[in-house]
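Colleague: Given the coordinates of chain A, work out where chains B, C and D should sit on it, guided by the hints.
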Amino acid sequence: MPEGLRVGYFPGCTLKTDARDFESSALAVARVLGIEVAELSRWNCCGTVYSLDAVNLMPRLASVHNLIRAEEEGFSEIMTLCSMCYNTLKQTNNLFTSKNNGRAAINDFLCLKPGYSGRVKIYHFLEFLREKIRPEQVKSLVVSPLAGVAVAPYYGCLLLRPKEIAIDDPEKPEILTPILSALGAKVIDFPFNNECCGAYQTAVHQEAVARRAYRIISSAQSEGADMIAVSCPLCHYNLSALQGLVRSTHPGLKAMPIVYFTELMARAMGLDYRTEIGVIPQDVAAAEARLRPSPNDPGREALK
Amino acid sequence: MTRLGVFICHCGKNIARTVNIEALREKAATLPHVVLAKDYLYLCSKPGQTMIADDIREHRLDKVLIAACSPRLHGKTFAQTAQRAGLNPYLLDMANIREHCSWVHIDGAEGTEKAFSIIKGGLGRLLYAEPLEPFQSPVTKRVLVIGGGVAGIQATLDIANSGYEVYLVEKSPSLGGHMAQLGETFPTLDCSSCILTPKMVEVSQNEHVHLLSYSEVTRIEGNIGQFQVTVRLRPRYVDETLCTGCGDCVPTCPVVVSNEFDQGLGARKAVYLPFPQAVPAVYTIDWDACLNTDKLIICENCYKDCEAKAINFLMEPQEKMVEVGAVVLATGYELMPVARIGEYGGDEYEDVIDGLQFERMLSASGPTGGVVRRPSDGRIPQNVVFVQCAGSRDPEHGIPYCSKVCCMYTAKHALLYKHAVPDGQVYVFYIDIRAAGKGHEEFVQKVMSEERILYLRGKVSKIFKSGAKLVVWGADTLSGRQVEIEADLVVLAMAVIPSSGSQKLARTLHIASDLSGFFSEAHPKLRPLESNTDGIFLAGAAQFAKDITDTVSQATGAAGKALSLLANDFIKLEPTISEVEEGICRGCGLCVSICPFGAVKMLPSTRTGAMVAGINPILCKGCGLCTAGCLSGAVTLKGSSFKQIFAQLEEMV
Amino acid sequence: MKIILGNSHPQSLFAQRIEALSRQKLFACYQCGKCSSGCPMAESMDLLPNRVIREAQLNNGPVIMSCRAVWFCSSCFACAVRCPKGIDIARIMEAVRTLQMLDGKPITEQPFCEDTGTLPQIALISHFRKFNM
Amino acid sequence: MPPVKRKLFNLDQYQVPRGKVQIISERCKGCSLCLEYCPNKVLAWSTDYNFKGYRYPVLEETEEKYCISCRFCEEVCPDFAIYVTTEPELTAKPQSTQRK
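Residue numbers (the working numbering), protein chains in the order written: chain A, 10 to 313; chain B, 3 to 655; chain C, 2 to 134; chain D, 119 to 218.
No lab work stands behind these hints: they were computed from the structure. Accuracy of the hints is not assured; some may be wrong.
Derived DSS-like pairs: lysine-lysine, alpha-carbon spacing no greater than 27 Å straight-line [unchecked claim]:
1. D:K125 / B:K306
2. C:K26 / A:K172
3. D:K125 / B:K467
Model, not experiment: these values are computed from the prediction.
Only chain A is shown next, with the shape it has when bound in the complex (with noise of 0.2 Å):
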């Protein structure tokens, strides 16, 4: 087990609300692989959805403090779970590192000398794993195997897009894949992966993104796919809560289940990670019920 591994951490808002059983699970395999994970003492919104104007910068300040605030704790390396968090603090902080004269007016804007350096290097959870801990070692950990169980990971946009800040191949993402297989998995590719959810028009077009939802959930279906993992709260989202709605247009639709990859690796890792505050039950319901020991299989027994 790599020594000494220590990253800062941004939780962001969804992860300690609708989505702590990422944040719980996230923790409890990092802290089995050695990493030591040191939430951020002081954080604010990070700022999402990063801004597209390029003339205003004030959108930018929000995610230029959480950065401000990791350099100024001695933290040179910090991660997100949320990919949105991933995305927006690290569109930010390339203001900081490419010759854009936006870094100057920020700095300036916010009185602050010397200013930020844009030396932070933004993780995501999952391109943290890639860097620092070998396939090998997640599966030495791995005690109930998920044998049998064909998972379709889905990356969405904000991991892969713009390509600034792409963590894999925008057209052909498999950053899951060596973790997926690791716990035992059989990993379903499905061309829907890297397609948007919908994001936000959530909260107003919730008929549109659920036409997205159904084609992503019935792509990874017809692939043969047990259940969806995925590294965003807002997919997840998307992808779980919008079933009903899906439902309505599309009644044929069977359930779903959608999780977080970090879930299925402390699952496989055996590890209590469930907090009060469970998301979505139905779902980790039928996540569950998909998971249930076949008599045959002893891989699905430690499962249970």
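Modeller: Leaving out everything else, chains B, C and D in the frame of chain A:
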């Protein structure tokens, strides 16, 4: 006492706009040795040249400086003017006050000052210039053609039929190139192999042609008129002189692999003829596929079955030296691999194929016998989507240029598919239709209207598999709608890129290629058939993507260029090459290792017998590396001596 | 609707403003339509993304200022990563949204979905960000 | 050449020779040359022993692994313990082979 003349060109407004010509002329007239300073609107014009020639005679000028454009543009023009006036052309020099000065300056005062210092430098250099005489070099009356596609074949035949010897070097086992793979050609629907194979046979039967197939050029030395070429003949493990082409070796060969000629859609044995009409009609053993290795002969089935005893497992690569006077480069193109486009499946989907693969299916001699089938299940596809500009016109991910032939061959593909499967549906995604050749627009229009083919104006964003079908996401920008098509087969008109060995060849031949990897022509308008190395000519898609018509035209043109060179017994070569002063050379040999052209050799001195450097004037290109490298200062580059260069620098600063 | 070109004043105000706000080269677009082909929200849009750019090139203010498509863009950047000319279309969408807001037009006529209470914070926060708050 | 691992359209038009390996087990001294050099790896060790006390080669053919009648085993066997008969009616449907 030297009598210098300075002539300053206005170049219309090109120079005069930022350089005060009048002031410049007045200042130049005061410089030492200058007996005449004149200006003129266009010195390169006939009256301008006449004026210079008259002045040289009238004022008995010894040396002349032309302050005008780059010598790359008009160096030759004014050298001829000097010659006409009886002045050694190397005593006339040019000071570039256009590209180096007026074009890059906005401020008039600055421009004029800089122009003056350029003229001063030029005069300083000219002061030490010495008359030089071009030397004659004999022309070897043979031509090397590299590449055995239709361009190389055409150039070879044109030259050979004029009575000159041609060495034709082809990398693959057979002549024919991509044209041999095609089914029918646009816009006339001529059968491609029917019109090509007679030419291939003609090449093999022409007594002036030496066909070196399965071979590569590995080294080239020399200069225009005298190139020494090294060709590496790969062992085909079948003796070309003995093989009768009977094919008895094939049935018992136990190894089956995919055939490159069928673009990976068809099979062949390890011992093979790429296609039945191959020239030369001799078999080749693919040593990578054969069970035998250099150390171990495991299988002798073909050897045993060959009655002509042509099989020789011990064959080794051979090197052949060839001396030629000119080279025609016709190395052709290939298609960008589908793997480069991730959103189109990146070569993961069997039923997403490229244009050449579709050609092989359409070809009667292809792996499907001319029937269009899905590679995945062999069924005849009912919905076929063609995607144009796959990789082309995409500076972000692919290549920035238009591949030029895709609009036409896609229309042809659509037509031929409809002829084969009348009830099938065809959809063509395009951005613009570029059908600018003779009969091309009419062809596309005819295909659209008579075959009732739906052309959709939009670029496809994503292709993915859904069950046995392929889903194509496109748009029809004309109606402003997204389009989704469930297709059985998708044909990508992949970008045309230079053939894979062309960069290596460019380095071997010391010629330039452009950003996309195509060989650079000497001038885009006026010398499109010549490389920037004299005596090396370009033909076909090696220079840029082009169709068969243009390729054949260019090949004939390149052959004409080569022939006009061969019409001379001798050519004049520039005397601006290096020269060793034997008395100073201490024989260290550093220059031998520096010279990139192998022009320097250590030879015994004619006077003392000690080993000193000697320059081969044919090989020397006058680059000056040896002069800069020589520790004793024994090497001089004629026309750019140290005296001249230092004088120029001193005058300028 | 006929577009009168040549005497509009100022000549290309909208195009210039969109270019300034997005820092994208509007006239690099050759209208291949690849952005529209792969847009996940295009089904809900009144104008396809390539058409938004086209109208901007045409300096067609009224169409741009009343276009609702930009509010369906969820900034997934599928267009930007695939654009052959390297144009970040999502930024152009944002610029048009900003222009509409600056113009004081009712920003969005759609109400929030009924059960906002169950939405995760991130959905609300990121949605608000569209208004550049 | 495109790297797709496609099925080859005209594969069924090709045939490769198929041999029948004959092993005289009692002559074998287990030198393993035939196993080592068989290009299609159709030979395996026996589980029992011949009367000299050696394991000897046995045939282990599958759909993809079959004797291609190269007869190299015949050549390398120092004890004349193995030979191949080629039967004209025995031809195999070829698999497209990986390159070495």
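Colleague: Take the hints in turn and mark each one as holding or not.
Modeller: Structure-based check of all given hints:
Only pairs whose Cα atoms come within 27 Å are accepted, and K125 of chain D paired with K306 of chain B is rejected, the gap being roughly 30 Å. Restraint check for K26 of chain C and K172 of chain A: the C-alpha separation of about 18 Å stays at or below 27 Å, so the hint holds. For the proposed pair K125 of chain D and K467 of chain B, the alpha carbon gap of about 17 Å is at most 27 Å, so the pair holds.
In summary, the one numbered hint that this structure violates is 1.
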